[in-house]
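**Q** Throw the hints in and build the complete structure from the sequences for me.
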Amino acid sequence: MNLRKRPVLEGTYDVPTREPLPVSAGTLRRGRAVAEALFASEAGAPDHERLVWLEREMASFVGHAGEDARRILGLSLLAVTVLGPIMAGKWGFLGRSLAERQAILARVEHSFLSTALLAVKAVLCILYFEHPAATREIGGPFGCLVEGEGATAKGGQS
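If you want our numbering, it's the 1-based position in the sequence shown plus 24.
Read the hints as simulated data drawn from the structure, not as lab findings. We put the beta carbon where it would ideally sit given N, CA and C, even for glycine. A couple of the hints might just be wrong.
[As the list claims (entries may be wrong)] Straight-line alpha carbon distances no greater than 20 Å define the calculated EDC-like cross-link-like pairs of lysine to aspartate or glutamate that follow:
| id | residue 1 | residue 2 |
| --- | --- | --- |
| 1 | LYS145 | GLU60 |
| 2 | LYS114 | GLU133 |
| 3 | LYS145 | GLU81 |
| 4 | LYS114 | GLU60 |
| 5 | LYS145 | ASP92 |
| 6 | LYS145 | GLU79 |
| 7 | LYS145 | GLU133 |
| 8 | LYS114 | GLU124 |
| 9 | LYS145 | GLU124 |
| 10 | LYS145 | GLU43 |
| 11 | LYS145 | GLU161 |
[As the list claims (entries may be wrong)] Computed beta-carbon distance windows for the label pairs:
| id | residue 1 | residue 2 | range |
| --- | --- | --- | --- |
| 12 | ILE110 | HIS88 | 30 to 36 Å |
| 13 | ILE150 | ALA67 | 22 to 28 Å |
| 14 | ILE162 | PRO46 | 16 to 22 Å |
| 15 | ALA158 | GLY113 | 31 to 37 Å |
| 16 | TRP115 | GLU161 | 31 to 37 Å |
| 17 | ARG95 | ALA67 | 17 to 23 Å |
**A** See below:
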């Protein structure tokens, strides 16, 4: 049996050491507006700092995901925030109230744009629930869940 040695890549391939591709300001604004409507509770919109953090994380995540992912997310956000309001008989998404944006997203969810909204929600949920405050909000366990040096069986630090 002839086993060939696995090829080794040369160069910097570690994501944290690569510069992210630029994500347009429009994509980030639209993502933030959708996130604000998506993650609002009875108490209102998410905290301003949390949305600023989400926007920064979105720029890094999408910038590192590659050109195709960046383009697809940007087009999905554009479709949801431009065509969504038109389907609701309105024009514009970003300038709408929180309640109006939530109603538009609810309508989009039951339309031909639902796949585009699913892509947007998937990325935003991954990022939003990575925030340290998310664990407390959903009543999850605190601390690291990976067993290793300094971790206890329940996932907390010893």
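**Q** It remains to establish, for every hint, whether it holds in the given structure.
**A** Each hint tested on the structure:
1. LYS145 - GLU60: With a Cα-Cα distance of about 12 Å, the restraint between LYS145 and GLU60 holds, given a limit of 20 Å.
2. LYS114 - GLU133: Distance ~16 Å between LYS114 and GLU133 Cα, so the pair holds.
3. LYS145 - GLU81: holds (15 Å)
4. LYS114 - GLU60: Since the Cα atoms of LYS114 and GLU60 sit roughly 19 Å apart, the hinted pair holds (cutoff 20 Å).
5. LYS145 - ASP92: holds (17 Å)
6. LYS145 - GLU79: Given that 20 Å is the threshold and the Cα spacing comes to 14 Å, the pair holds.
7. LYS145 - GLU133: Status holds; Cα separation ~11 Å.
8. LYS114 - GLU124: Given that 20 Å is the threshold and the Cα spacing comes to 10 Å, the pair holds.
9. LYS145 - GLU124: Distance of about 18 Å is within 20 Å: holds.
10. LYS145 - GLU43: Roughly 25 Å separates the two Cα atoms, so the pair is violated.
11. LYS145 - GLU161: It holds: about 19 Å lies between the C-alpha atoms, which stays within 20 Å.
12. ILE110 - HIS88: 30 to 36 Å: With Cβ atoms ~32 Å apart, the hint holds.
13. ILE150 - ALA67: 22 to 28 Å: holds (23 Å)
14. ILE162 - PRO46: 16 to 22 Å: violated (32 Å)
15. ALA158 - GLY113: 31 to 37 Å: holds (35 Å)
16. TRP115 - GLU161: 31 to 37 Å: holds (34 Å)
17. ARG95 - ALA67: 17 to 23 Å: violated (35 Å)
Hint violations for this structure: numbers 10, 14, 17, all remaining hints satisfied.
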